[in-house]
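J.: Here is how the chains run, residue by residue.
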Amino acid sequence: MIIYEKQTLENLQLQQDLKAEKIYTGLSHTELETIEKAYPVNLYSPNVFVRIGLFLLSTTILSCTSGLMFLIFEGLLTEYTIALVLLIFGGLTYVALEVICKNNRHFGAGTDDALSIFSLLLLISGMTCLKIFIFKQDINTQLFLEISVYTMLLSLWYTLRFANRLQATLTYLALLSTILLSVSLLTKSTLALHIAALLIGIAAYYLCSGTHKTKQINSYRSCLQTLQYLSLISIGISCNYYCVDALGSEIGDGQFEVPFPILFWIWTFIFPICCILYGLKKHNRILLRSGLILSALAVLSIFAVNPRIPAENLMSISGAILLVVSWRMLIWLRTPRYGLLKKAPFQEEEQEESALSSVIISASIHQAPEARTARFGGGNFGGGGSSSDF
Amino acid sequence: MNTYQKLYEQGLLKEETLNRANDLRKNPQFTIQKELHTLLYAGVLLLSTGLAILIYEHLGSISHLLILGLIAALCAGCFTYTFRNCQPFQRGQVARQHIAADYMLLLGCFSLLSLLAYLQFQFEFFGNRYGLATFIPTVILFYSAYRFDHKGVLSMAISNMALWMGVSISPQVLFGSTTLQQSPLIWTYILYAILLLLASYGSIKRQYKAHFGNLYLHFSIQILFIALLAAYTTYSRQNFHYFYLIILIGLSILLFQYAKRQKSFYLILTSIVYGYIAASMLFTAVLDLLKIGNLIELIMLWHIILPLILIRYLYNLSKKLKAA
Numbered sequence: 000m001i002i003y004e005k006q007t008l009e010n011l012q013l014q015q016d017l018k019a020e021k022i023y024t025g026l027s028h029t030e031l032e033t034i035e036k037a038y039p040v041n042l043y044s045p046n047v048f049v050r051i052g053l054f055l056l057s058t059t060i061l062s063c064t065s066g067l068m069f070l071i072f073e074g075l076l077t078e079y080t081i082a083l084v085l086l087i088f089g090g091l092t093y094v095a096l097e098v099i100c101k102n103n104r105h106f107g108a109g110t111d112d113a114l115s116i117f118s119l120l121l122l123i124s125g126m127t128c129l130k131i132f133i134f135k136q137d138i139n140t141q142l143f144l145e146i147s148v149y150t151m152l153l154s155l156w157y158t159l160r161f162a163n164r165l166q167a168t169l170t171y172l173a174l175l176s177t178i179l180l181s182v183s184l185l186t187k188s189t190l191a192l193h194i195a196a197l198l199i200g201i202a203a204y205y206l207c208s209g210t211h212k213t214k215q216i217n218s219y220r221s222c223l224q225t226l227q228y229l230s231l232i233s234i235g236i237s238c239n240y241y242c243v244d245a246l247g248s249e250i251g252d253g254q255f256e257v258p259f260p261i262l263f264w265i266w267t268f269i270f271p272i273c274c275i276l277y278g279l280k281k282h283n284r285i286l287l288r289s290g291l292i293l294s295a296l297a298v299l300s301i302f303a304v305n306p307r308i309p310a311e312n313l314m315s316i317s318g319a320i321l322l323v324v325s326w327r328m329l330i331w332l333r334t335p336r337y338g339l340l341k342k343a344p345f346q347e348e349e350q351e352e353s354a355l356s357s358v359i360i361s362a363s364i365h366q367a368p369e370a371r372t373a374r375f376g377g378g379n380f381g382g383g384g385s386s387s388d389f
Numbered sequence: 000m001n002t003y004q005k006l007y008e009q010g011l012l013k014e015e016t017l018n019r020a021n022d023l024r025k026n027p028q029f030t031i032q033k034e035l036h037t038l039l040y041a042g043v044l045l046l047s048t049g050l051a052i053l054i055y056e057h058l059g060s061i062s063h064l065l066i067l068g069l070i071a072a073l074c075a076g077c078f079t080y081t082f083r084n085c086q087p088f089q090r091g092q093v094a095r096q097h098i099a100a101d102y103m104l105l106l107g108c109f110s111l112l113s114l115l116a117y118l119q120f121q122f123e124f125f126g127n128r129y130g131l132a133t134f135i136p137t138v139i140l141f142y143s144a145y146r147f148d149h150k151g152v153l154s155m156a157i158s159n160m161a162l163w164m165g166v167s168i169s170p171q172v173l174f175g176s177t178t179l180q181q182s183p184l185i186w187t188y189i190l191y192a193i194l195l196l197l198a199s200y201g202s203i204k205r206q207y208k209a210h211f212g213n214l215y216l217h218f219s220i221q222i223l224f225i226a227l228l229a230a231y232t233t234y235s236r237q238n239f240h241y242f243y244l245i246i247l248i249g250l251s252i253l254l255f256q257y258a259k260r261q262k263s264f265y266l267i268l269t270s271i272v273y274g275y276i277a278a279s280m281l282f283t284a285v286l287d288l289l290k291i292g293n294l295i296e297l298i299m300l301w302h303i304i305l306p307l308i309l310i311r312y313l314y315n316l317s318k319k320l321k322a323a
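Protein chains in written order, with numbering that gives the first Met the number 0: chain A, 0 to 389; chain B, 0 to 323.
No lab work stands behind these hints: they were computed from the structure.
Virtual Cβ for every residue (Gly too), placed ideally from N, Cα, C.
One or more of the hints may lead you astray.
Here are the simulated EDC-like cross-link-like pairs (lysine to aspartate or glutamate), alpha carbons at most 20 Å apart as the crow flies [claimed, not checked]:
1. Lys33/B - Glu15/B
2. Lys21/A - Glu347/A
3. Lys21/A - Glu8/B
4. Lys5/A - Asp16/A
5. Lys13/B - Asp244/A
6. Lys281/A - Glu34/B
7. Lys321/B - Glu32/A
8. Lys319/B - Glu32/A
9. Lys280/A - Glu34/B
10. Lys281/A - Glu15/B
11. Lys187/A - Glu256/A
12. Lys187/A - Asp244/A
13. Lys321/B - Asp244/A
14. Lys342/A - Asp22/B
15. Lys5/B - Glu15/B
16. Lys319/B - Glu35/A
17. Lys18/A - Asp287/B
18. Lys25/B - Asp16/A
19. Lys36/A - Glu34/B
20. Lys280/A - Glu20/A
21. Lys262/B - Asp244/A
22. Lys33/B - Glu256/A
23. Lys18/A - Glu30/A
24. Lys33/B - Glu347/A
Computed Cβ-Cβ distance ranges for the label pairs, DEER-style [unchecked claim]:
25. Leu75/A - Ile246/B: 39 to 49 Å
26. Gly74/A - Lys33/B: 51 to 61 Å
27. Arg307/A - Val138/B: 51 to 61 Å
Here are a few chain A residues that sit away from chain B, every Cβ distance over 10 Å (derived from the structure) [to be verified]:
28. Thr33
29. Pro45
30. Val49
31. Ala95
32. Glu97
33. Leu122
34. Ala245
35. Phe259
36. Met328
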């Protein structure tokens, strides 16, 4: 089913595993080069910056090509033919994707990302136009449900065919939306929606985390890892107090009170902590990072539920907690415990993208300058978010 | 048989690597280095920003001397900790030994800026010599960046120096605000970009903190290219405004050549993006001059053909650089 050769994907997997463990095994550059020659990968997967560049250029080409087509055939476009044009153009983009992946072996190269997203968008838009203009279907929950199903099926095909993480994300989101829309058609209870989201998350996490030992789906490992992140985050969000409150108020026209609020607050804070602790215990980075993301969301939830709490208090307290926790961790890990290390035995080579992180710091010093005739001297002053004109 | 054993038997691994891999199987290890760095960085940023706003909001209700004392104590504590735990000065890159010291320095620098701002705001410490109020922290930040070999502090110093010159180089201003499009500011930006370019060249040429060279270059090209684009739109009523685009295209080509030599994909991407934008603006301007600017089909064709050429070139180049 997958478009790429199995052997090359296995070799890629091997190389990625060795690179990931390089910081522990001290695998040298020469050894890695020898292994890369013995287990060649004939896929085109460039550096992240080239990938961004190719993605932007491909998106420009695709947008302008569709724009040009619509301009050329402007006279022929009616509400009946527009669906057909969208479907044909979506089909052609899909063919281009197949050709570029089969012949040029692009894999996570930016071009394949742009083509897969663009063709999916065109096909889904075409189907929606078909439903609205030709089958005269009303724009309601039923239509949204059908669009979700089409999106889920199409993106699932793209995921299986191209092992694309972006498409795997879309598949999961479309699945979530399909089930939640179906539940909303069956019952008016908002609690049922949260339980459904929770169950989908648990089922998805269970399926994705248990399948890594199955050799047949080893080619989809990156997709499965993405799905694990998504499922853990959706488990956390499904019973997050703010989400329950916001969704209830939205559906109940503001007349909603969260039942058993303590339970939801406990979930909001305890689940991320459990993820972090379990991740540390099991040496599982996905659990650890999901827990950290959910912790940040939990703090934001307090602010979202009660906007009267001053943001500066929340920032100072959470900043202080973060510093104390990480400080304690550094002291605790002076000698490695339970296999946990504060620093890897062999350091990674500095990548271009990691050097850019220091640039982010400069963003915290900002003041809009006043236009002046004198170019030097004066100016505004700020730092660490502080700001004061004088 | 595990992967490492198999690779060893094929003669692709050294024995010591195999031994370390076997040790890893017996005693699994898990580093949380990146996560700790993220937490420390987020903690420093949140605490310094939160405290700064907190003090600002309660200016009337808390004793000024108490606030000053607290910020000064925090600043002094951070710098003392950094001095005690830092490595001796080196001309080259210093190997990181103490993770916490890096972030204490960052917190110290943020609190220093807050302290000086507070002194000026409340007590007019520097009087009307506003330049001095931004110049002093700039000097301290540059000193700290070089003494402790800290790229984050260097980027703060670069930003602060821009403030001393009367401009802001935060992404919010460079990419979002319209304040850039004011004649005197554009020339200040261009001058500052040239200064940074010289600093980059000097660092690399003299091998004095050569790894800072790329950071100077990053700020320099972003400021210079955006300032040139702003100059083109600001001086659009003047006849020579096309020259800004031609200069920008020329500089993009030069940067591209340099990036190819350095095998820097980030610089390659930057040169292509700015070069493409400038070339497209010039193409549209030429169409306007020829009185065929309303031919949208022609502009679309341009945006199909040029990216196609660039994709082809980028594809071959990245393959060539990877193989080299």
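J.: Next step is simple, just say for each hint if it's right about the structure.
T.: Consistency of the hints with the structure:
1. Lys33/B - Glu15/B: With Cα atoms ~26 Å apart, Lys33/B and Glu15/B exceed 20 Å; violated.
2. Lys21/A - Glu347/A: holds, 8 Å
3. Lys21/A - Glu8/B: Distance of about 19 Å is within 20 Å: holds.
4. Lys5/A - Asp16/A: Within the cut-off at roughly 16 Å; holds.
5. Lys13/B - Asp244/A: Between Lys13/B and Asp244/A the Cα gap is close to 59 Å, so the pair fails against 20 Å, i.e. violated.
6. Lys281/A - Glu34/B: holds, 16 Å
7. Lys321/B - Glu32/A: Distance ~12 Å between Lys321/B and Glu32/A Cα, so the pair holds.
8. Lys319/B - Glu32/A: The hint holds at about 16 Å.
9. Lys280/A - Glu34/B: Holds - the C-alpha atoms of Glu34/B and Lys280/A are around 15 Å apart, at most 20 Å.
10. Lys281/A - Glu15/B: Distance ~27 Å between Lys281/A and Glu15/B Cα, so the pair is violated.
11. Lys187/A - Glu256/A: holds, 15 Å
12. Lys187/A - Asp244/A: Measuring from Cα to Cα gives roughly 15 Å; hence the hint holds.
13. Lys321/B - Asp244/A: Answer violated: Lys321/B to Asp244/A is near 52 Å, above 20 Å.
14. Lys342/A - Asp22/B: holds, 17 Å
15. Lys5/B - Glu15/B: holds, 15 Å
16. Lys319/B - Glu35/A: The hint holds at about 17 Å.
17. Lys18/A - Asp287/B: Given that 20 Å is the threshold and the Cα spacing comes to 53 Å, the pair is violated.
18. Lys25/B - Asp16/A: Measuring from Cα to Cα gives roughly 17 Å; hence the hint holds.
19. Lys36/A - Glu34/B: violated, 33 Å
20. Lys280/A - Glu20/A: holds, 19 Å
21. Lys262/B - Asp244/A: Not satisfied, since the Cα-Cα distance of roughly 52 Å exceeds 20 Å.
22. Lys33/B - Glu256/A: violated, 40 Å
23. Lys18/A - Glu30/A: Holds: Lys18/A and Glu30/A sit about 11 Å apart, inside 20 Å.
24. Lys33/B - Glu347/A: Satisfied, since the Cα-Cα distance of roughly 11 Å is no more than 20 Å.
25. Leu75/A - Ile246/B: 39 to 49 Å: Check passed, 45 Å falls within 39 to 49 Å.
26. Gly74/A - Lys33/B: 51 to 61 Å: holds, 57 Å
27. Arg307/A - Val138/B: 51 to 61 Å: violated, 42 Å
28. Thr33: The claim is violated: Thr33/A sits with its nearest Cβ about 5 Å from chain B, within 10 Å.
29. Pro45: violated, 5 Å
30. Val49: Violated, since 5 Å does not exceed 10 Å.
31. Ala95: For Ala95/A, whose nearest Cβ neighbour in chain B is about 12 Å away, the distance exceeds 10 Å, so it holds.
32. Glu97: holds, 18 Å
33. Leu122: holds, 21 Å
34. Ala245: The claim holds: Ala245/A sits with its nearest Cβ about 24 Å from chain B, beyond 10 Å.
35. Phe259: Holds: least Cβ distance 31 Å, greater than 10 Å.
36. Met328: violated, 6 Å
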